[in-house]
Each structure stands twice: as C-alpha cells, then as structure tokens.
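Chemist: Protein chains in written order, with UniProt numbering: chain A, 1 to 520; chain B, 1 to 70.
Careful: at least some of the hints might be erroneous.
[Stated by the list, open to error] So, partial list: chain A residues that the calculated Cβ filter (under 8 Å) puts toward chain B: (1) Pro82; (2) Ala83; (3) Cys84; (4) Arg225; (5) Arg495.
[Said to hold, decoys possible] Distance ranges between label pairs, derived from CB positions: (6) B:Glu27 <-> A:Ala468: 43 to 53 Å; (7) A:Gly289 <-> B:Pro21: 34 to 44 Å; (8) B:Glu27 <-> A:His210: 34 to 44 Å; (9) A:Val304 <-> B:Asp64: 24 to 34 Å; (10) B:Val23 <-> A:Lys94: 20 to 30 Å; (11) B:Ala7 <-> A:Leu348: 55 to 65 Å; (12) B:Val23 <-> A:Thr111: 40 to 50 Å; (13) B:Pro36 <-> A:Ala300: 52 to 62 Å.
The hints are simulated quantities; they were obtained by calculation from the structure and are not laboratory data.
Glycine included, C-beta positions come from ideal geometry on N, C-alpha and C.
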Amino acid sequence: MDVSALDEASLAGSAVNIGEIMQAIAEHKGCGTSGGSGKASCGSQAGQGELPTEIWEKVKNHPCYSEEAHHHYARMHVAVAPACNIQCNYCNRKYDCANESRPGVVSEKLTPEQAVKKVLAVASTIPQMTVLGIAGPGDPLANPKKTFMTFELVARAAPDIKLCLSTNGLMLPDHVDTIARFKIDHVTITINMVDPEIGAKIYPWIFYNHKRYTGLEAAKILNDRQLQGLEMLTERGILCKINSVMIPGINDQHLVEVNKAVKSRGAFLHNIMPLISAPEHGTVFGLNGQRGPTAQELKALQDVCKGAMNMMRHCRQCRADAVGLLGEDRSAEFTTEKVMAMDVKYDLEMRKAYQAKVEEKRVAKVAAEQEELAKLASEMSGIKLLVAVATKGSGLINEHFGHAKEFQVYELSTTGAKLVGHRRVDQYCRGGYGEEESLATIIRAINDCHAVFVAKIGGCPKSNLLKAGIEPVDQYAHEFIEKSAIAWFKSYLERVQTGEIQYVDRGEAAIRQSALISAA
Amino acid sequence: MPFKIIASQCTSCSACEQECPNVAISEKGGTSVIDPKKCTECIGHFEEPQCVAVCPVDNTCVIDTSLPRY
Ligand code: SF4
Ligand code: SF4
Ligand code: SF4
C-alpha cells in the first residue's frame, strides 16, 4: 500500500470512487469475447482503474477496503483477543473494543482452535467469505500469542482467505515483522490524534513497558508508536487503513491534521467513524454527556478529508465476531456450540467457482450504471441530493423497508451516484410493539434524504414518509442500486424542470447512538 | 499480602494473566483468579504490580489484607 501520493486523478480510479473505471469497463467492448487474457481475468478487472495491480489484488475482494467489493464479498471476525493495553474514554471494557467494534456489544470469546473451526465452517457455508479479521474484543496485539496462533492455523487450513488485523497501534512496531511473515496484508490502526494535548482528553492511560502511563506522556507514547508502526508497515508494502473516531469538540477539527499525517506516511484509506456514545454504555464519554456527530457533521468532515486521500464511507463498525457481508450479521448461525457440532469440509474449488460468478455480476452491475449515466449526460443541473437505499447486498435494491437494519446513503448529482454513508436503524417490522416509534427513528436517521429506495413497502409507512417529505421509491425493486438511482434522479430533474415538484433542502439526520445487541 | 481480584468487577479480559511474572493468574468460573501462593506483589520484577497497572477496571486487583505479606 505504497500509494501515499494518491492525488485526485488516481483517486478516481481507487477503491472508493470508481466512476472512471466503470467508464473504462463499459467502453471495453471486447470483454469476454476477444482472446488473450480471456473472460476470467477481464471479470476480475471490475474496479481496478489506476490502482497498481499488486494493490488491486490485495483489495479487490476485501469488503472493508473496496466499496465496490463490499456489496459482494463477506468478511468475518473472530474474537480471540480479549485483553487491551490502553484505555479509551469511549470504551467500556465490559464490551468489545469500541475502536473497531460496535460499542455496547459483547462477542463470544474463542480460543485459537475454536476460531479456526469457526472460520472453516463459515467459509464452507458462505463461499463469498474472503476475509478473516481479528479486531478484538480487546486489542489483538495485546494478545499476540492468541492472535498469531489463530492466523497460523487458518493460513494452513484455508490458504485462500485473506488475513487482516486491527490495532490501537501501541504494540505495533514490535510485531511488524511477524505481521509481514504471516502475510497479513491488511492492518487497521485507530489513530484519533497526532497531538498529545488532544490525546490526553481521549486516553486516560496506557500500559507500556510494564508501567501505567497517564496524561500527556501516555498520549505521546501512543501516538509515536502508532505513527512509527504505520511507517514500518507501509515500508514493507502492507496495506494500512486508519480508523479515526470523530468526537465533536475534541478532535473533529483536528482529524484534518490526522488525515495529513497518515496520508504522508502511506496510509491507503482513512475511515472517519462517528463517536457512538450513550449513558447506558457506561463509558466516560457516555456518562459525561459527550455527544456524537450528526450525519451532516460527519459527511462534511469526510468531504474535507476526501481531497487528500481515499475515504471509507461504507464502514459499519462491525462487532468483533461479525460474520457476513458488511451490514449483515450471521454470527448467530455460528455460535461456538453450533460450530463445534458441525462437520466441516473445506472445498476450495467450490469457493473459487462461486467467486468467479460473483465477478461476473460485478461487471454487469458496473456496466448497467454506465449505461444509465450516459443518459444523464445531457442534463445540466447543480442539484445534489441524498437518497437512502434498502439493500441486502450484491449491489441490488433488494430489501423490504420494514426489514432493513440499515440504509445505504448515496449522493446523486449529474456526475452520477456515489455511496457516502449508511444509517443504522431498528427494523420497522418486528411486529408487536413500538412500530410508531421506530418509524419515527428511521425517519430521523434518513431525514436528510429526498427519497428512499426499497424492494417493497407497506401503505402506512409510505404515507408517513411522504408526510415527512421523503419519497418512497419501490419501482426499482431488485434492480442495481446505482443504475436505478441515476434513472430516478433523471426523472426527478425533469419533474423539477416542469415545475411538477420543487427542490427543497432536507434537514439534519441523526446517527443512531444506542446499542444494537443483535443487529449487525 | 498477595493481590486478589474482585470477581464481580472482573471482565475476564485476561490482560493481567498475560502480564503476571509469576504465572499466578488463571481463569476460573468465568473470571480471573490470583493464586495467593504464587503472587509476589511483583516485588523484584517490576515497580508496579502488573495486574493493577493493566486492569481496565479500577480497584479490581487489590491487596488481600486477610493474608500475610509476601
Ligand atoms: S483500544 Fe479498544 S478495547 Fe482498548 S480501551 Fe480502546 S476501545 Fe477499548
Ligand atoms: S501483583 Fe504481580 S505477581 Fe501478584 S498477581 Fe499481580 S501481576 Fe502477579
Ligand atoms: S485485567 Fe482486570 S478485568 Fe482483566 S481479567 Fe484481570 S482482573 Fe479481570
């Protein structure tokens, strides 16, 4: 991941903004019919753009690094690392690491042996599972034995699975060589500051060299180690993603500095996540009333940092034992008890065949978007608006409004459709209690959107959405998201032109703060 | 007086277990427990008792005053 100098041009071809690659692919008419590299390699090109091939190979099936891949491929985390070596004010250590996971969630702890069995069970059941991550529930590098033992066992049993690791960075420099040796090609470091004055407000203490450090000293050691670790990894060509938690009033402005610091050291992606904080989490920030950012504040900051490097807008802050596509959690199917009872056969060929099919679908989706975008080319309009989409993956509008646990948010303009984030919500249709209330919560969560795209929606929520000024759109059920959104946008612009409707600004939206225990 | 762990506060994160120079800590019944016969209060090893320094829950690793000093 030595793409430190990602400028606008290469950004357009990066994992995050792939408009131009889509163009390139749509124009690439010989695809699949001409000789040479043939269909298979052509299919695998969806999304590469100007990324160097070696980096593309690393990210193309990685749902956390490639926005495009996250629609198609699945990842899993195993919770083998319970201990941590620092304290964050947004963390309550009864729960999972809040850096990497959802606050307020407890993962089922596994031994390395149990973890491997689980990986094989999941990989056999979900062939598009391509990535295994260790992210907690504490800090993987505060549990080096368990973490690396797990990687070693998985690498032996299932060599096609990519390995990744998330850390607070304190012990990173000590383990870089081991990370390289185990061919772990993706590392996530959570860096919330590059200024100890700010760090002291986020980290009350660290445990380092057999001592507990506090205050400025603690923050300085932590930051030095994080940046040193980042440099050492990028020197070795290991992809690094930086996570930052946006804490309004503490590091929100400062994250622009962080963005510069990590970019100059070769980070591949910067993922700015909202602080999720509520009193019931029992964290310092939750208890002292520190608020999280609104959806607007988050997007504004992501937009400022975007010019500088790849931003990751599709991050779900997965829990440490998450299983499935981003935004989906099938971990309940793979509890330790169930996994240990399973008879697992690891079929590499079946997995490969399945993944080849997925590649074909990816190319089709990209081509469909291009086709629709071409129709928009003649439109001249400065209008930019957000729409929410209910999806279960594969890049399709294929979720019922009432079943959606989250909505993906796309920004539409005459330049196309761009994923800018996602909003978690309660399922509206859980039956029984609280439906009115949860509908109101959903509307608050997507209040900044002009429309919501669903596979299906009931009459009552439909009229409530309309009342709130959000247009429910169900005519594109089971079609590709981008293509449909662009087609809808075109008709929207026409309706505005004929005066049938008026373009009005939407208000703020709220980021869900309370714990989701069962939802992904 | 060796150290003990207040079980009701322990998150069983095992951080202390990894740091103890005397391998005095192990998991029992869902929480970590210190074997008072092995604990040396870290004297001779480190300046601070390691379990206290690393534990995320304050006042969870504490001196067991019911036992004689190491
Ligand atoms: S690094 Fe993770 S587990 Fe450790 S204190 Fe911070 S949020 Fe909690
Ligand atoms: S005080 Fe030291 S020797 Fe005693 S249990 Fe804690 S870490 Fe082990
Ligand atoms: S460090 Fe503290 S919370 Fe963790 S296992 Fe030891 S006593 Fe329990």
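Chemist: A separate judgement is required for each hint: does it hold in the structure or not?
Modeler: Cross-check of the supplied hints:
Contact between A:Pro82 and chain B, as hinted, is supported at the beta carbon level, the nearest pair being about 4 Å apart and thus within 8 Å. The interface hint given for A:Ala83 is met, as the beta carbon of that residue sits about 4 Å from the closest beta carbon of chain B, less than 8 Å. The restraint placing A:Cys84 at the interface with chain B holds, with a minimum CB-CB distance near 6 Å, inside the 8 Å limit. Given hint, A:Arg225 at the interface with chain B, is violated; its Cβ is 16 Å from that chain's nearest Cβ, farther than 8 Å.
Among the interface hints, the one on A:Arg495 is violated; its C-beta lies about 56 Å from the nearest C-beta in chain B, farther than the 8 Å criterion. In this structure the hint that B:Glu27 and A:Ala468 lie 43 to 53 Å apart at CB holds, the actual value being about 51 Å. Separation of A:Gly289 from B:Pro21 is about 41 Å and conforms to the stated range, judged on CB atoms against 34 to 44 Å. Distance hint check for B:Glu27 and A:His210: the Cβ-Cβ separation is about 22 Å, which falls outside the suggested range of 34 to 44 Å.
Separated by about 54 Å at the C-beta atoms, A:Val304 and B:Asp64 break the suggested range of 24 to 34 Å. Hint check: B:Val23 to A:Lys94, Cβ distance near 26 Å, so the stated range 20 to 30 Å holds. For the pair B:Ala7 and A:Leu348, the supplied restraint of 55 to 65 Å is violated, since their beta-carbon distance comes to about 46 Å. In this structure, B:Val23 and A:Thr111 break the distance hint of 40 to 50 Å, their C-beta atoms being roughly 18 Å apart.
For the pair B:Pro36 and A:Ala300, the supplied restraint of 52 to 62 Å holds, since their beta-carbon distance comes to about 56 Å.
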